Amino acid sequence: MFKAILYTQWKWSRAVVMLSVVIAFTLPIMSVQRAGITEPSRWETQELLHAIEMWSVWYTLLAAGLGLLVATTAWAQDHRGRHVYALSLPIPRWHYAMLRFAAGSLLLAAPVVALWIGALLATATAQIPPGLNAYPNALALRFALAAFVAYSVFFAISAGTTRTAGYVLAVVGALVVTQVMMEASGMGGGLVEVLFDRVITWPGPLEIFTGRWMLIDV
Amino acid sequence: MSNVIETRNLRYRAGRNFEIRELSLNVPAGSIYGFLGPNGSGKTTTIALLMGQLRASQGSITVLGQSMPQAAPRILARTGFVPERPHLYPTLTVEEVLRYHASFYQSWDWRRADELFGRFELDRSLKLSALSKGETGKLMMLLALAQNPDLLVLDEPTDGLDPVVRRAMIIAVLDYVSQRDAAVFISSHLVHELERICDWVGVMDNGKLVAEMPMQTFKSGIKRLRVTGAPALVEDPPFVLLSRDTGETLGAGEVWVVRGWQTPMQQYFEGIGASLREVVDLDLEEGFVELLRTFRAPRAQA
Numbered sequence: 001m002f003k004a005i006l007y008t009q010w011k012w013s014r015a016v017v018m019l020s021v022v023i024a025f026t027l028p029i030m031s032v033q034r035a036g037i038t039e040p041s042r043w044e045t046q047e048l049l050h051a052i053e054m055w056s057v058w059y060t061l062l063a064a065g066l067g068l069l070v071a072t073t074a075w076a077q078d079h080r081g082r083h084v085y086a087l088s089l090p091i092p093r094w095h096y097a098m099l100r101f102a103a104g105s106l107l108l109a110a111p112v113v114a115l116w117i118g119a120l121l122a123t124a125t126a127q128i129p130p131g132l133n134a135y136p137n138a139l140a141l142r143f144a145l146a147a148f149v150a151y152s153v154f155f156a157i158s159a160g161t162t163r164t165a166g167y168v169l170a171v172v173g174a175l176v177v178t179q180v181m182m183e184a185s186g187m188g189g190g191l192v193e194v195l196f197d198r199v200i201t202w203p204g205p206l207e208i209f210t211g212r213w214m215l216i217d218v
Numbered sequence: 001m002s003n004v005i006e007t008r009n010l011r012y013r014a015g016r017n018f019e020i021r022e023l024s025l026n027v028p029a030g031s032i033y034g035f036l037g038p039n040g041s042g043k044t045t046t047i048a049l050l051m052g053q054l055r056a057s058q059g060s061i062t063v064l065g066q067s068m069p070q071a072a073p074r075i076l077a078r079t080g081f082v083p084e085r086p087h088l089y090p091t092l093t094v095e096e097v098l099r100y101h102a103s104f105y106q107s108w109d110w111r112r113a114d115e116l117f118g119r120f121e122l123d124r125s126l127k128l129s130a131l132s133k134g135e136t137g138k139l140m141m142l143l144a145l146a147q148n149p150d151l152l153v154l155d156e157p158t159d160g161l162d163p164v165v166r167r168a169m170i171i172a173v174l175d176y177v178s179q180r181d182a183a184v185f186i187s188s189h190l191v192h193e194l195e196r197i198c199d200w201v202g203v204m205d206n207g208k209l210v211a212e213m214p215m216q217t218f219k220s221g222i223k224r225l226r227v228t229g230a231p232a233l234v235e236d237p238p239f240v241l242l243s244r245d246t247g248e249t250l251g252a253g254e255v256w257v258v259r260g261w262q263t264p265m266q267q268y269f270e271g272i273g274a275s276l277r278e279v280v281d282l283d284l285e286e287g288f289v290e291l292l293r294t295f296r297a298p299r300a301q302a
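In order, the protein sequence lines correspond to chains A and B. So for the first sequence, the numbering used here puts the first residue at 1; every next one is plus one. So for the second sequence, the numbering used here puts the first residue at 1; every next one is plus one.
Calculated directly from the structure, the hints in this document are not laboratory data. These numbers come from a predicted model, not from an experiment. Fair warning: there could be bad hints in the mix.
Claimed, not checked - List time: in silico EDC-like cross-link candidates among lysine to aspartate or glutamate, alpha-carbon distance up to 16 angstroms: (1) B:Lys-208 <-> B:Glu-22; (2) A:Lys-3 <-> B:Glu-96; (3) B:Lys-219 <-> B:Glu-286; (4) A:Lys-11 <-> B:Glu-96; (5) B:Lys-133 <-> B:Asp-123; (6) A:Lys-11 <-> B:Glu-95; (7) B:Lys-219 <-> B:Asp-281; (8) A:Lys-11 <-> A:Asp-78; (9) B:Lys-219 <-> B:Asp-283.
Isolated chain A, as found in the complex (with noise of 0.2 angstroms):
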């Protein structure tokens, strides 16, 4: 069952995924290039860690594009559908869900290892400068969890329905709303900003895409 189900994900998000994997492996490879790390005699250790700081957008942008991209594609085809065929099937939906989830979480580790393998190329075929380390499994560990956090997400957004993503929505927009009122009152008050601080800060549950992605670190 699982295995079928697996299937169906995989052709539905294997461009998705396929397209992860060769961006996630080019990702540090490029970014160690680019920092001019393989010729040692022209590099300043603040200026390498800068220009490696530069690509660490890159890789928050492709955990969370392919998070988002592996849990819509996990959800098209029954949203397409009504969900008639998965109500149809003889489990229950909990377990129809987890199945998808746990497929969704399965193809993801495609690109993850794809980076961890780009990673330690680059950094085997690099001269570090001493008092500089190398950093590829905390890499790929950080972008691991930051796809599946991203995938987490999604997925239980995409798994409702219309109106439930319209309450987000509309959560959302109120949010803003009421930080347009409050300033334009003189009330001030940061009210999204520090709803905002607290999702993206320890412990906030998005704190992984705002840390530090260093392949190469102090």
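Here the structure of chain A is known, so what remains is to put chain B in place on it, guided by the hints.
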């Protein structure tokens, strides 16, 4: 277990203008139950309730001796379901759909699936999006039958299909029933089709079950009578007078459509000074139309 499907006082509201009300269905074991009704009468909504896809606001549903939706997975494992609209994943090929579907059913019968493949002449390599309406219908029927179900629930399975495909599907269902002694719950507004295969009939109109009886009773109980000399007002007839067409032409008489007719009732006409000239059997479609007409205007008597 005498009934494979039982509902009691089922109620479900869909939007502001439509409601299933006080629905009490009884589908006997081993029967082929035709679920008739005009478009929008609530047939598909009722089936969605029976399959656990919608939740009733009131009442109870028992399918194959178990409560729906509480026991939905166990019930669905023994039920072959063909919905009104194609529900399978259009991006998969026929072969892929088959393997996907089979993985959910322990009772799946590959031999039957292969046999039906040959009979329905389906191409395993085609994507579902490339199948014609008839081929999609045949594939959905194949999936339902290869599950080896104890109950088949078919929601307008042949609607919009050509006669050749319709015939192939009906024969496949009848073959299956004769081998497995399964029950079939089939909805349709193609009355002639059901007349040939069903032994029980239920009629829905506007969210209510108007009638439920053995097909033979339904067909034999509704007659068209040709009557002459009847008074303008008839009182307490021993049958239900569904309609009365008084447009008498050249002494041919009035046409009455009645329900619950039995031969000894002929004497009633002598009692009211009228004469019964002819008793004509109605086919299911005529009976169906007259029944709905009565339901919508219960006092048809002149």
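So, going through the hints one by one against the coordinates:
This hinted pair checks out: B:Lys-208 and B:Glu-22 have alpha carbons roughly 7 angstroms apart, not beyond 16 angstroms. Restraint check for A:Lys-3 and B:Glu-96: satisfied, since their Cα atoms lie roughly 12 angstroms apart, inside the 16 angstroms limit. For a cut-off of 16 angstroms, the pair hint linking B:Lys-219 to B:Glu-286 stands: about 9 angstroms separates their Cα positions. Proposed proximity of A:Lys-11 and B:Glu-96 is supported: the alpha carbons are some 10 angstroms apart, at most 16 angstroms.
Distance hint between B:Lys-133 and B:Asp-123 is fulfilled; the C-alpha atoms sit about 14 angstroms from each other, no more than 16 angstroms. With a C-alpha separation of about 14 angstroms, the suggested pairing of A:Lys-11 with B:Glu-95 holds against the 16 angstroms cut-off. Our distance criterion of 16 angstroms between C-alpha atoms is met by B:Lys-219 and B:Asp-281, whose separation comes to about 8 angstroms. For the hint linking A:Lys-11 to A:Asp-78, the alpha-carbon distance of about 14 angstroms falls within 16 angstroms, and the restraint holds.
The straight-line distance between the Cα atoms of B:Lys-219 and B:Asp-283 is roughly 6 angstroms, inside the 16 angstroms bound, and the hint therefore holds.
Figure legend: structure checked against the earlier numbered hints; every hint is met.
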